[in-house]
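Colleague: Chain by chain, the residues run as shown.
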Amino acid sequence: MTGSCRPGPLPGAGLLDDRTRELDGCCRELAAGFRDAAMALDRDPDAIAGYLHLPGVRLNQFAHIPPEYRPELDFPPRVLDAAATSLGWAVLWEQLGYGDPGVTLAGPRPGLFGEVLSALTGQRQSGHYFRRLATAPSNTFFALTEPGKGSAAAELETTLAPATDGDGWILNGEKCYVGNGARAAVGVVMCRRGTGLFGIEAVALESGTPGFSAELLPAMGLRGARISRLRFDNVRIPRENVLGGQLAPTRRGLAGVLPVLNRSRPPVAAMAIGCAKAVCDYVAQQRPTLAKAGRLRLEDMLDRIDATRRLIHRACVAIDHGRMDSDRAAAVKVQAAHIAEEATLLAAELLGPASLIEHPWMEKTYRDVRAFEFTEGTTNIHRLSLFRCLRKNAYP
Amino acid sequence: MRQDTRDHEPALESTPDPTPGYVHALDALHRHVAQGRLVASRSGHVLASADAIPGAPRGPLSRFGLAVSAGGSVSADWTAQAVRRFARGLLDLHHELLEHALRQVMRQLGARTSGGTTLLAKELIQAQLAEIAMRLSEDKEMLAGLRDADPWASWHTHLRQVAVGRGLLRLSGASGFLADGLGRDLHLAEVTGNVYLHPGLTSPRDGEER
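Residue numbers (this note's numbering), protein chains in the order written: chain A, 55 to 450; chain B, 992 to 1201.
Derived by calculation from the structure, the hints in this document are not laboratory data.
Check the hints yourself; a few may be wrong.
[To be verified] Okay, derived cross-link-like pairs now, DSBU-like style, lysine-lysine, Cα gap no bigger than 35 Å in a straight line: (1) Lys446(A) with Lys203(A); (2) Lys1131(B) with Lys1113(B); (3) Lys203(A) with Lys1131(B); (4) Lys346(A) with Lys1113(B); (5) Lys446(A) with Lys1131(B); (6) Lys346(A) with Lys1131(B).
Next up, chain A with everything else stripped away, as it sits in the complex (with noise of 0.2 Å):
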């Protein structure tokens, strides 16, 4: 990937101010580091090892770790600051997906973990994991989905039952399509301890604890993100580690945690459509002669992306301002990932016969970006959502 194909700031990005602009530029320059380590962790998804010291994966790393547990880094405090906004993590996840969204998922962060520790907990809980994660970095887990269940989370069946001996509780059950689930070192599990939505809590679990075993799945593509199934057997959760344990059940477990998945839903779009750029201009590159029909076609898909990232963008200043529209946070995730999809099947068609083949970087994200389909919720479940809007004269 050159420079030459990707002139001048987003275009539809009139929603950036200065400072994310300024982290614009800079993730810019950061994912051009990460094509070469895309190939390598898509033949093993552990090679991110040899990768840490890219400085964007070390900006993603840090970025949602609050300032005060982070340590002295390389970038502008102002790019940091803008990239820990809603706003600023869909800017620095779609020019890190731009990139490779397998080794932007892969690098150790605090994610959704880091997330849920933010909006459940006191400052000296979380801040006892963000010191840890700052100096030690390494990848976490969010376990949610279960087998035969899949998106429906207030329908999880993983218990959370009092120990018979008094000492905290007991985990029992099964998670699947856990993203780093077999490589974190601590994580937050999903679980029942009464009926209801206002049952399920959210727990803190060390990779270590007796009784929790993980694997990694087979993916397909996105291996970077290493999906995972997770077992707890009898596994011990100490009583601090029931995460918002001061907060009315209203504000913890599952009700406490939507929040933080429909804020995690705008970057995951952005991703998405990082990728459907990059082999928009991929396919720009390698043929610049393009003619005509093929010429158009691709425009077009570039005026949807510009389009959706409008979308995206006034998505995440909605969630800065406080005013969270989770049907807005789920559409745009889902039009990203069509997006996506059909970006690559275009890039396919236009690169021309065994272009599956003699570009192995388009095969490779060809599959990537079916992921984005379920990440976040499948698109059946958002446009459910999104129908309930609709009535409700809502949408769009």
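Position chain B against the provided structure of chain A, taking the given hints into account.
Modeller: Just chain B, lined up with the frame of chain A:
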């Protein structure tokens, strides 16, 4: 593989079963069409199992059981005919894989529950499955029609099949992304079509480049 009644070319005698994996069926198609040899694409690539191409280098698709060799060529006397029969066989194979996938996805959705019922009982899901079944039915009818009359017709048939497969994968959720099942076989069918069925970038129908 279904009985071919369109012309004098020999019908495929046995139906490669997609269930043990797309690659096994692809090998069987090579054997049938090329009498024990391997059919090369117009780009010179040969796609088959590692057993069928023992010297093939390892590549990104090796993980899914598909070997690729480049620079292949076959004798001119049977190339055109074999390539055409092979293309038709690939479309048949993709269609059968999709029918198999539809049944498998329905079984999966019947085993997953939400809101006290199976996903298969949801009207949203039912409508999507019905749409896929209709498009498969249309594809099947084209077997006896013009879908592979020329490379462009074959390619467009392939693209429609890809769209059907993607619809099924969306319904599968994350399980369709695992490399030990449906997602793998549908990906290999897409890649194989990209290699053997892509007609190039200039349409013989109107001479216009894509």
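Colleague: Please verify whether Lys346(A) and Lys1131(B) have alpha carbons no more than 35 Å apart.
Modeller: Cα-Cα ~33 Å, so holds.
Colleague: Does the structure keep Lys203(A) and Lys1131(B) at a Cα separation of 35 Å or less?
Modeller: holds, 34 Å
Colleague: Are the Cα atoms of Lys446(A) and Lys203(A) separated by 35 Å or less?
Modeller: holds, 28 Å
Colleague: Would the hint linking Lys346(A) and Lys1113(B) be met if the CA-CA limit is 35 Å?
Modeller: violated, 44 Å
Colleague: Hey, Lys1131(B) versus Lys1113(B), does the alpha-carbon distance stay inside 35 Å?
Modeller: holds, 27 Å
Colleague: If you draw a straight line from the CA of Lys446(A) to the CA of Lys1131(B), is it 35 Å or shorter?
Modeller: With a Cα-Cα distance of about 42 Å, the restraint between Lys446(A) and Lys1131(B) is violated, given a limit of 35 Å.
When held up to the earlier numbered hints, the structure conflicts with 4, 5 and fits the remainder.
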